[in-house]
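Asks: For the sequence shown, the residue numbers in the working numbering are 32 to 346.
Simulated from the structure, these hints should not be mistaken for laboratory data.
There could be a bad hint or two in this list.
Derived DSS-like pairs: lysine-lysine, alpha-carbon spacing no greater than 30 Å straight-line [what the hints assert, rightly or not]: (1) K37 / K66; (2) K61 / K91; (3) K105 / K37; (4) K57 / K105; (5) K324 / K66; (6) K37 / K118; (7) K133 / K66; (8) K57 / K91.
Since this is a predicted model, take the numbers as computed values, not measurements.
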Amino acid sequence: DEMFQKLVEQNPGILQQRLQLEAFTKQFEKSSYKKGVVLVIPIVFHIIHNYGTENISNQKVLDGLRIINEDFRKQNSDTISIVTDFKSIAADSEIEFRLAQKDEFGNCTNGITRTVSVQTYDADNGVKFLIRWPNNKYLNVWLVQNIASGAGGYAYYPGADSTVDGIVLRSDQFGNGYRSLSHEIGHYLNLMHTWGNNNDAGLASNCSIDDGVFDTPNTIGNTSCNLAAASCGSPLDNVQNYMEYAFCERMFTEGQKTRMKAALNFSLSGRNNLWTGSNLLATGTTGTDLLCKVDFTANRQIICAGSQVTFTDAS
32 DEMFQKLVEQ NPGILQQRLQ LEAFTKQFEK SSYKKGVVLV IPIVFHIIHN YGTENISNQK
92 VLDGLRIINE DFRKQNSDTI SIVTDFKSIA ADSEIEFRLA QKDEFGNCTN GITRTVSVQT
152 YDADNGVKFL IRWPNNKYLN VWLVQNIASG AGGYAYYPGA DSTVDGIVLR SDQFGNGYRS
212 LSHEIGHYLN LMHTWGNNND AGLASNCSID DGVFDTPNTI GNTSCNLAAA SCGSPLDNVQ
272 NYMEYAFCER MFTEGQKTRM KAALNFSLSG RNNLWTGSNL LATGTTGTDL LCKVDFTANR
332 QIICAGSQVT FTDAS
């Protein structure tokens, strides 16, 4: 929210577009949009590093990709522990993310780029000017060591200027079971926090703010996993929601699913081209794996005669 407010100060016209998106979303919620149709979003990970631990492996990127796909398709094994009050509305969002296999020029790619920069230590929107692929074709995610604001990650709602749109995330909060990227993609697809449009969980005043989703109860916002929390009286808080701060995330609701699908269908959102057949073809994400580049690693770079070297296929 802080980043978006700064954007509004620079360009107040964004607020009008936000109002249009909200009006479209209300109409979309009443429509009989096609359920059972999975929308595929091409994604690219830009690793901004200075040769430190932030320069994570391709395998860790694949692990992080697996987590977000499980979360958005309700295939995460921990759905079994969703509290009874919310189990029936835990949603398969029918949204899938695939690594780009073609870059913006149609060249072969594995959907992972690596850029050396000291900006990784104190990242903000500056990293987006180091490398960025067209936002109407790819979801850009920049992985860094640290973010200047102190956040674990941040994203913009639909409608942000194309030069800053996308997600910046600390690499140590990506993969390894973290749900931070699922949370940020929620913002990217027009979800607020469950307590509304601010970053301040725990305020009593949050009870009077709504997140625009019909099936998420009003809450002050939780910063610990108290599954019995009913912070605004009744009913229970949806503490296990990906848009909470409670760190026991398990689910999106059916209402959040509809809101995200609306953002992907709104013509001014900058999101409605991502999942089209022509864009999936252009980005190599139609579902057919392309082997357009041989890639392998060796466990040793210098050996003596008679020694052995092990090669690992990473294609």
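Asks: Would you check the hint for K37 and K66, treating anything up to 30 Å between C-alpha atoms as holding?
Replies: violated (36 Å)
Asks: Under the criterion that the straight-line Cα-Cα distance not exceed 30 Å, is the pair K133, K66 satisfied?
Replies: holds (29 Å)
Asks: Under the criterion that the straight-line Cα-Cα distance not exceed 30 Å, is the pair K57, K91 satisfied?
Replies: violated (38 Å)
Asks: Below or equal to 30 Å on CA atoms is what counts here, so check K37 against K118.
Replies: Measuring from Cα to Cα gives roughly 37 Å; hence the hint is violated.
Asks: If you draw a straight line from the CA of K61 to the CA of K91, is it 30 Å or shorter?
Replies: Status violated; Cα separation ~40 Å.
Asks: Within 30 Å, alpha carbon to alpha carbon, are K57 and K105?
Replies: holds (24 Å)
Asks: For the pair supplied as a hint, K324 and K66, is the alpha-carbon distance within the 30 Å limit?
Replies: violated (36 Å)
Asks: Hey, K105 versus K37, does the alpha-carbon distance stay inside 30 Å?
Replies: Violated, at roughly 34 Å.
Going through the hint list in order, the structure does not satisfy hints 1, 2, 3, 5, 6, 8.
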